[in-house]
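Asker: Chains as they are written, first to last, in numbering that gives the first Met the number 0: chain A, 0 to 151; chain B, 0 to 350.
Honestly, I wouldn't trust all of these hints.
[Unchecked claim] Which stretches of chain B does chain A cover? Using the computed rule of at least three CB atoms under 8 Å from a CB of chain A, they are:
1) 73 to 86
2) 99 to 105
3) 108 to 114
[As the list claims (entries may be wrong)] Here are some chain B residues the structure puts well away from chain A; computed CB gaps all over 10 Å:
4) F37
5) N53
6) L231
7) P236
8) R260
9) C320
[As the list claims (entries may be wrong)] Listed below are several chain A residues computed to face chain B (Cβ distance under 10 Å; list not exhaustive):
10) L14
11) F18
12) D68
13) R103
14) G108
15) V124
Simulated from the structure, these hints should not be mistaken for laboratory data. From the three backbone atoms N, C-alpha and C, an ideal C-beta is built for every residue, glycine too.
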Amino acid sequence: MSTNEGILYANPPDLLRRFVSTPLKACYSYEGIHFTVETNDFTLLPELPLACNPEAARERGPRWKLVRDQDIRGPLGAPITLTSRRLTVVTIGTACLLGVDYDRQEALGFIGADVSPRAYKEYLVPFLCRLSSELRLQRCGIPRRKSASVYE
Amino acid sequence: MSTDCHLFCECNPEALFRVTVDNIVNATLAFDTSALAFTSEFQLAGARCIFSTNVRELRDNSLNWRAVSSPSSSETFEMEILVDPHVRFDSARGAHFRGLHHLVFAVLPPFGSFTFDLLRKRVVGVVASEVADDDIFWNAQLLPIAIGVLGTTVGVAPMHCACLDHQGDALLLAGHSGAGKSTLAAALAQCGFSFVSDDWTYISRGRSFVVAHGLFAPIKLLPDSARFFPQLKELSPVRTLNGEVAYELDADRHMGASMKRNSRPKWIFFLERTNSSGCQFNPCRPEFTRQFFEQNAERLPCELLDAQRRRSALIQELSECPSWVIRTAEGPLETARALSQFIAEKNHVNE
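Looking at chain A on its own, in the form it has when it is part of the complex:
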């Protein structure tokens, strides 16, 4: 009886884009908030990055891992921010997903192909700043801000 040794099965594709390389790094300073961006796309870096060592900048603010995702199409939509215990997730349409883990001091995100550099700079960077600020406050042991809430 013959045995089967002939089939070769390749590794499964990285469907979740977990292992996309993000070799580009630069520091942002925006309205007094510092953070570092680690990405696979030059357009997600500041036009005039701070002249700093990204490793040293970690001490000054959180590090965002932002993946430009060419397979996600569509515009930014109304943001939905979901905070559960020590985790905040922001869904901005299908074009942008952001996650912040306060315990692990990690900030991660995917930005779709149709988000222009201008939309990123004018709309998303302020978002990153706000979340970076909360992350930093948490690291210092300061509770998250109280929210007076209106839904309109």
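Based on the hints, put chain B in the right spot on chain A.
Answerer: Structure of chain B alone, referenced to chain A:
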């Protein structure tokens, strides 16, 4: 967006659960720990799920979902679901999944958005109101997705294979996408095998052996399967979550098969199409079986080394089952009959 207005001036800043919706006007909905007051517990594949939500109707429905049974496992994960009447997800966009480090995001328009925290073994999600009583969404989509994404962290290994039960013993049917696993599984279900699962089977460790679980997810058959199964002509193909157009059918209702929640794996078959005539069964070494499942399993990030080790141990144990490659040029019904005959002969030899 709704014109309703809610004011929560004294909300707890350390709230368990808070949703913010920002549009032209920044707006926030805040929830404290009492918001997810309705809880239930159930068994999903080999793991125990602690489910909590803010809507009683959803909690009540959760106890009747087909895939769930009474909890018995000590491996636990949490699922926190907020039902919000105001959130909307653009149904013109398809579902998509993304992950970084220990987080996996799932956007499932028009139902909701979910985040899986693989380190804390927790799912958090927000869904539109109409989803609360949509049992098809929970049974056929979210529950399989939840155990598929979180399973490895709670000792459940999702395997890309079908599972059928024959007198208490499970037959796992693996192979490349497009090899015809689902069609053969449907044909076996018509040949007297009980149906456990189609595309994904969830393997966990029982008391003294591994167990294969199904979640009552529908069988997906491509449109050309209608030539083998006349009953499909009364149905219409639908666009499935991964964008394929396929028939989705219940093994019991449409195929007349009996359903089983789980079974004990005894045989593994790798299905291949061939041009030569007939149906051949070629034995495989355990190492081949182990490599197949390892290489077809989802790659996990370094944060989940422990989950990866546990999954590898399950795969190692599973690969000790006798395995064969089926090379067939026959249609699914003929292949199912050949497979049925092959198993009967093996059982006879063992007796």
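Asker: Work down the list of hints and note, for each, if the structure agrees.
Answerer: Each hint tested on the structure:
1. 73 to 86: With 4 residues closer than 8 Å to chain A, the segment 73 to 86 of chain B meets the three-residue bar; holds.
2. 99 to 105: holds (count 6)
3. 108 to 114: holds (count 3)
4. F37: The claim holds: B/F37 sits with its nearest Cβ about 16 Å from chain A, beyond 10 Å.
5. N53: Holds, since 12 Å exceeds 10 Å.
6. L231: Holds, because the least Cβ-Cβ distance between B/L231 and chain A comes to about 29 Å, which exceeds 10 Å.
7. P236: holds, 23 Å
8. R260: Consistent with the label, B/R260 stays out of reach of chain A, its closest Cβ about 27 Å off (over 10 Å).
9. C320: B/C320 is indeed farther than 10 Å from all Cβ atoms of chain A, at 15 Å.
10. L14: Where the cut-off is 10 Å and the nearest Cβ of chain B is about 7 Å from A/L14, the hint holds.
11. F18: holds, 7 Å
12. D68: At 7 Å from the nearest chain B Cβ, A/D68 passes the 10 Å test, so the hint holds.
13. R103: With a closest approach of 8 Å, the A/R103 hint holds.
14. G108: The hint holds - A/G108 has a Cβ within 10 Å of chain B, the shortest such distance being about 8 Å.
15. V124: violated, 15 Å
Violation of the numbered hints given earlier is confined to hint 15; every other hint is satisfied by the structure.
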